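*Asks:* Residue numbers (this note's numbering), protein chains in the order written: chain A, 894 to 1007; chain B, 353 to 462.
It is possible that some hints are incorrect.
Said to hold, decoys possible - Below, simulated DSS-like cross-link-like pairs (lysine-lysine); rule was C-alpha separation at most 27 angstroms, straight line:
no.	chain 1	residue 1	chain 2	residue 2
1	A	LYS976	B	LYS404
2	B	LYS421	A	LYS976
3	A	LYS976	B	LYS355
4	B	LYS443	B	LYS454
5	B	LYS454	B	LYS404
6	A	LYS935	B	LYS454
7	B	LYS421	A	LYS935
8	B	LYS443	A	LYS976
FYI, nobody ran anything at the bench for these hints, they're computed from the structure.
Being a predicted model, the structure only gives us computed values, none of them experimental.
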Amino acid sequence: EPEVTQTPSHQVTQMGQEVILRCVPISNHLYFYWYRQILGQKVEFLVSFYNNEISEKSEIFDDQFSVERPDGSNFTLKIRSTKLEDSAMYFCASRVQRDRDEQYFGPGTRLTVT
Amino acid sequence: DAKTTQPPSMDCAEGRAANLPCNHSTISGNEYVYWYRQIHSQGPQYIIHGLKNNETNEMASLIITEDRKSSTLILPHATLRDTAVYYCIVKRGSNYKLTFGKGTLLTVNP
């Protein structure tokens, strides 16, 4: 069964460094998402992406964050200058088409900022 | 999107049916009820969704009351692997994002 994959599974970085989290959505899916979950807290929406542009973003998704689909398979989340509070699990999700609303999530990347 | 209320935790014996309730009294006519679950630290997993009618798939059944103000997710024969946080989410189909609450921690006991 097709699935969303994410790399790396765990990323440790120092405060102020840039990180890129990578996702490979399911191949025929058209809508892509990033969510995050700080330890012990709710899963929070960050951004949705369709047709090579951001369709919606949350207040969390400030100028330090960016997303890109550099080729036909990868979907990346970049954090330019990481802060301690960016430590969280980051989940990528994808959805096939507009009238099929199920989102399929990847296993997540645990980001630890020291 | 309408607010939902779920009990924080529930227990169920292995092999028995797990019935997870969700209240969504402010749901509007074009909002769907979605259920996802999250097994410890993994990515959320889609289970089922519905608008008005009851729905069933290979994972679960979804029962929506006639007034649509509440719903119940039924796992017919719970296994230990069904231990997870279950999220009831109400949203319009046109909305892109999922808004997760705290959900219900279902613990399936041997």
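*Asks:* So, for every hint listed, does it hold in this structure?
*Replies:* Outcome of the hint check:
Restraint check: the Cα-Cα separation between LYS976 (chain A) and LYS404 (chain B) comes to about 44 angstroms, which exceeds 27 angstroms; the hinted pair is violated. Pair hint LYS421 (chain B) plus LYS976 (chain A) does not hold up; C-alpha atoms about 42 angstroms apart against a cutoff of 27 angstroms. Among the hinted pairs, LYS976 (chain A) with LYS355 (chain B) is inconsistent with the structure: their alpha-carbon atoms are about 31 angstroms apart, more than 27 angstroms. Simply put, LYS443 (chain B) and LYS454 (chain B) have alpha-carbon atoms about 16 angstroms apart, close enough for the 27 angstroms limit, and the pair holds.
Taking the CA atoms of LYS454 (chain B) and LYS404 (chain B), the gap is about 24 angstroms. The hint holds against a cut of 27 angstroms. In summary, the hint linking LYS935 (chain A) to LYS454 (chain B) is supported, as the alpha carbons are separated by about 6 angstroms, within the 27 angstroms threshold. Pair hint LYS421 (chain B) plus LYS935 (chain A) holds up; C-alpha atoms about 23 angstroms apart against a cutoff of 27 angstroms. Restraint check for LYS443 (chain B) and LYS976 (chain A): not satisfied, since their Cα atoms lie roughly 32 angstroms apart, outside the 27 angstroms limit.
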